[in-house]
Amino acid sequence: MGVISNGTTLLDAGAIDSGIPTGAMTLIKTITASSSANVTFAHGASSVVLDNTYASYLIKYINVHPSENGEQLKINFRDGSTAYDATKTTTFFRAIHNEAGNDTELAYRTAQDLQNGTGTAHLTQGLGTDGDQSASGELMLFAPSSTTFVKHFIATTNTYSDDDYNYTTFVSGYCNVTAAIDGVQFTMSSGNIDSGTFKLYGIK
Amino acid sequence: MGLISDGTTIFDAGALDSGLAKGAVTFIKKLTASSSSTLSFVDGSANVVLDGTYKEYLFTFNNLHPSENAHANFTMNFSIDAGSNYNVQKTTTLFRTYNQENNGSRALLYQNEFDLANGTGFKILYAYGAGDDADLCWGGTMSLYNPSSTTFVKHFISNISGTDGNYEHQHHAAGYGNTTSAVDAVQFKMSAGTIDAGDICLYGIA
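In the order they appear, the protein sequences are chains A and B.
Note that the working numbering has the first sequence beginning at 1, numbered continuously upward.
Note that the working numbering has the second sequence beginning at 1, numbered continuously upward.
Keep in mind the hints are simulated off the structure, nothing from the lab.
If you're wondering where the values come from, they're calculated on a predicted model, not measured in any experiment.
Built from N, CA and C at the ideal position, the CB exists for glycine as well.
Just so you know, not all the hints are guaranteed correct.
Said to hold, decoys possible - Calculated pairs, BS3-like style, for lysine-lysine (alpha carbon to alpha carbon, straight line, at most 30 Å):
no.: 1; chain 1: B; residue 1: K29; chain 2: A; residue 2: K199
no.: 2; chain 1: A; residue 1: K204; chain 2: B; residue 2: K29
no.: 3; chain 1: A; residue 1: K199; chain 2: A; residue 2: K29
no.: 4; chain 1: A; residue 1: K199; chain 2: B; residue 2: K30
Said to hold, decoys possible - Sample of chain B residues at the chain A side, in silico, Cβ under 10 Å:
no.: 5; residue: T8
no.: 6; residue: D12
no.: 7; residue: V25
no.: 8; residue: K55
no.: 9; residue: G83
no.: 10; residue: W138
no.: 11; residue: E168
no.: 12; residue: H169
no.: 13; residue: Q170
no.: 14; residue: A174
no.: 15; residue: Y176
no.: 16; residue: C201
no.: 17; residue: Y203
Pulled out of the complex, with its shape left as it was, chain A reads as follows (with noise of 0.2 Å):
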């Protein structure tokens, strides 16, 4: 049954008829860490979409936090295996400041960013385990279904670190690859994510 309105169709064969305006943002996936070796959205998987079905993807991660001292926050993609390893070039810069005042930087860090490696990239510095530290920020992914084209991303994360810094970090880059990218892995560089917040967001 549809349902039409001043002329206007609303509704029909059971959804909002696509003329409607409603959001365009929709949150797709919530994963709450627990203690997680890693968070994974691997389209097909557990109700995740990443496909074609959106133009981008944001990715929101909140109050993230390790299981061991001073370990980051990294990233690895799936394009068309199983395997979280495609090929990317990275930029990482930062800006820091200490919660004793008397040290701040901006700067590019050649030690975390990537160059057409195949291994996770870094969206953090270091993170405290202490009871109040974590790390919160965003990944935008644009257009991560094409087969034409390499696969942009951007990242902005903020994080209390494990010698008391505040670290504002920024990371680009692309997937080096021409096949879709379907899945998303996030992963600590040692140990394991001891908990967080991710929510997967399709933007249309």
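Go by the hints and put chain B onto chain A.
Coordinates of chain B only, in the frame set by chain A:
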């Protein structure tokens, strides 16, 4: 025909009721480039809304690819006369990072030649286009704040990740349209050649 449920109007007069929670991000328009000289979003034209309906507008750039292999720039300008002229004065910044695939150079730097000081020309958002390869492109976002204000200048912030050949570039551009007239149109174009492919989407943020 309308529908009222438990005293709440769900829809009426051909639209969902404005009081319903529908999400704060509203898709307005997608323009798909196809050897396009310009891509323009003009309030009131082709279903584009760019007025006081929203306090913030978000543009997303998805896999934009230029026609020119040379380092053509991806640029933007504002109009205050519904797209008749794109020439609003702007003061802007641009800084960028880059990193080379093959173990080459990388840096973080401010780029004087890509900013504007009350200039009316097109603002460079991404300065290096894409290289020769068919798989090279760029993606990113630009937020435009309160373009309909007739009191304040118009701020914007852009963040783009792109690649030309074997470099990753991240370009952070920001600035303000130095006008108290309402901005009612935004145009994107390459400094040379066309936008060969890709999408630009416009959203309103409630």
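Here is what the structure says about each hint:
| no. | hint | in the structure |
| --- | --- | --- |
| 1 | B:K29 to A:K199 | holds, 25 Å |
| 2 | A:K204 to B:K29 | holds, 10 Å |
| 3 | A:K199 to A:K29 | holds, 6 Å |
| 4 | A:K199 to B:K30 | holds, 25 Å |
| 5 | T8 | violated, 15 Å |
| 6 | D12 | holds, 7 Å |
| 7 | V25 | holds, 4 Å |
| 8 | K55 | violated, 16 Å |
| 9 | G83 | violated, 23 Å |
| 10 | W138 | holds, 6 Å |
| 11 | E168 | holds, 4 Å |
| 12 | H169 | holds, 8 Å |
| 13 | Q170 | holds, 4 Å |
| 14 | A174 | violated, 14 Å |
| 15 | Y176 | violated, 21 Å |
| 16 | C201 | holds, 6 Å |
| 17 | Y203 | holds, 5 Å |
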